[in-house]
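Asker: Spelled out from the first residue to the last, the chains are:
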Amino acid sequence: MSDQDEFVTFSLTVDGTPREVTARWSESLLTVLRDRLGVRGPKTGCAHGRCGACAVRADLGDGDPHVLCSCLVPAATAAGGSVQTIASIGGPDGELSDVQEAFLAEGAVQCGICTAGFVTAATELLETNPEPTRTEIEEALYGNLCRCTGYGRIVAAVETAARTRREQKSPVPLTTRELAASLRTGPEEAR
Amino acid sequence: MLLAAPLFALPETPPEALAALADRPGAVVVAGGTEVMPDLLWRTRTAAGFVSLRRVAALRGIARTDGELVIGATTPVAALTSAPDAGLRAAASSLGTPLVRTEATIGGNVISALPYRNLLPTLLAGGATLELTSATGSRAVPFDGFITAPGRTGLAEGELLTAVRLPAHRGFADYTKVGRRNAQFVATVSAAIVSRDGGARLAFGNAAPIPFRSDDVDTAATALLDGQASAADLQAAVAAAVDPPEDTIASADYRRHALGVLAVRLVTRAAVDGGLGA
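Protein chains in written order, with numbering that gives the first Met the number 0: chain S, 0 to 190; chain R, 0 to 277.
These are computed hints drawn from the structure, not numbers from a lab. As the structure is a prediction and not an experimental result, all values here were calculated from the model. All C-beta atoms, glycine included, are put in the ideal place defined by N, C-alpha and C.
Cβ-Cβ distance ranges computed for the label pairs, FRET-style:
1) S:G90 with R:G60: 30 to 40 Å
2) S:C110 with R:T64: 49 to 59 Å
3) R:E156 with S:Q3: 23 to 33 Å
4) R:A235 with S:G149: 39 to 49 Å
With the C-beta cut set under 8 Å, the calculated list includes, among others, these residues of chain R facing chain S:
5) L40
6) F49
7) T96
8) Q183
Given these sequences and hints, build the entire structure.
Answerer: Below, the structure is given as structure tokens:
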């Protein structure tokens with residue numbers, strides 16, 4: 000068996016861009032994203048599905064996109080599929096999403112290694128459940144570990160993001176800039 | 000076949016999967032990856048390639064037929080958290096994390112064959128059968144006895160686990176486990192109960208090298224349910240029947256004690272929450 004036999008070639012859409020990948024058969028989706036494609040949003044934490052630092056939203060080719068630990072997925076099983084990392088959550092010019100703004104406003108970020116995973120999981124939660132209870136937030140973030148801030152600020156950030164989204168459904172939506180300011184001062188002062 | 004490399008195959012049907020496996024001696028069947036990927040990382044498993052079942056649509060999903068739940072082998076644990084079986088729901092909901100449950104599968108949990116895996120006591124208490132498929136056909140075997148040692152099963156060369164069949168029941172079913180902390184923990188010991196026709200059937204995790212149940216324990220559990228025996232009687236029956244492992248997580252004595260506590264807890268729930276017994 001030649002060295003070349005170790006490799007698999009497949010296509011994968013990452014943050015909207017089609018990519019060709021050649022990787023060893025056992026490589027994880029996380030390894031392919033970070034080391035082969037230079038996509039550094041997902042972080043390597045525990046590398047075995049405990050910490051959630053590598054969380055991405057992926058459609059593994061079966062039309063069922065969901066958030067998963069990219070460290071646990073053999074990369075080639077995602078052949079023909081698509082992956083959305085934290086880069087897809089913010090705007091194209093580095094604009095932060097409402098969830099990201101809420102994390103900043105609530106002081107839910109310290110060293111930052113867990114943040115992309117938390118924001119990914121929290122964004123998915125708010126898409127499926129716009130008015131989560133505190134318990135539902137804690138359950139949804141159960142697979143994400145933080146070792147700096149503790150979880151109080153993070154849960155508060157998700158509550159803030161949910162509340163802001165509800166308030167944003169007012170007739171005149173806030174601009175992103177207003178939204179950012181509103182997270183710090185309240186919606187009326189921002190206008 | 001979506002992808003066929005010398006050491007990696009991405010089949011779309013069970014026959015394609017079996018053919019891919021036959022062509023790749025030494026390849027490991029991988030479904031969600033939650034078991035196999037950490038094993039490779041820690042070098043506790045060797046493999047010469049993957050045959051991934053992730054895209055075999057026919058193996059995913061839950062169907063109800065003839066008084067049974069037929070669960071495709073690669074049905075994710077996340078789907079079991081809302082399955083029409085309370086025991087399965089309880090065991091699935093406490094497995095790993097939400098991010099793991101979307102990928103971990105019932106088939107992977109069975110084939111891992113480790114006595115502390117979440118779903119196994121529920122399958123044993125519920126009298127599950129397994130559907131094993133090879134190039135020459137399918138056979139059904141009881142889950143009881145399928146696991147022969149930690150990590151070892153009765154799966155033959157060239158065979159795939161394709162479905163788990165769980166008899167439907169109208170009684171009470173539940174699962175409980177204890178670990179060293181209250182988050183993301185592997186069971187130090189675990190227990191499941193299914194009660195039907197006035198009787199209680201218990202099964203345990205980490206009570207022996209393989210998932211464990213015993214007629215003596217069920218007799219004592221049913222007697223407790225009927226008010227004919229005490230909690231201490233059931234704990235004594237459990238302690239006499241089990242042969243738990245001793246390791247760095249817990250002593251055999253601790254496990255023997257905790258298994259009795261879990262047995263009484265589940266029978267109490269069957270009586271209080273399920274309204275069963277005298």
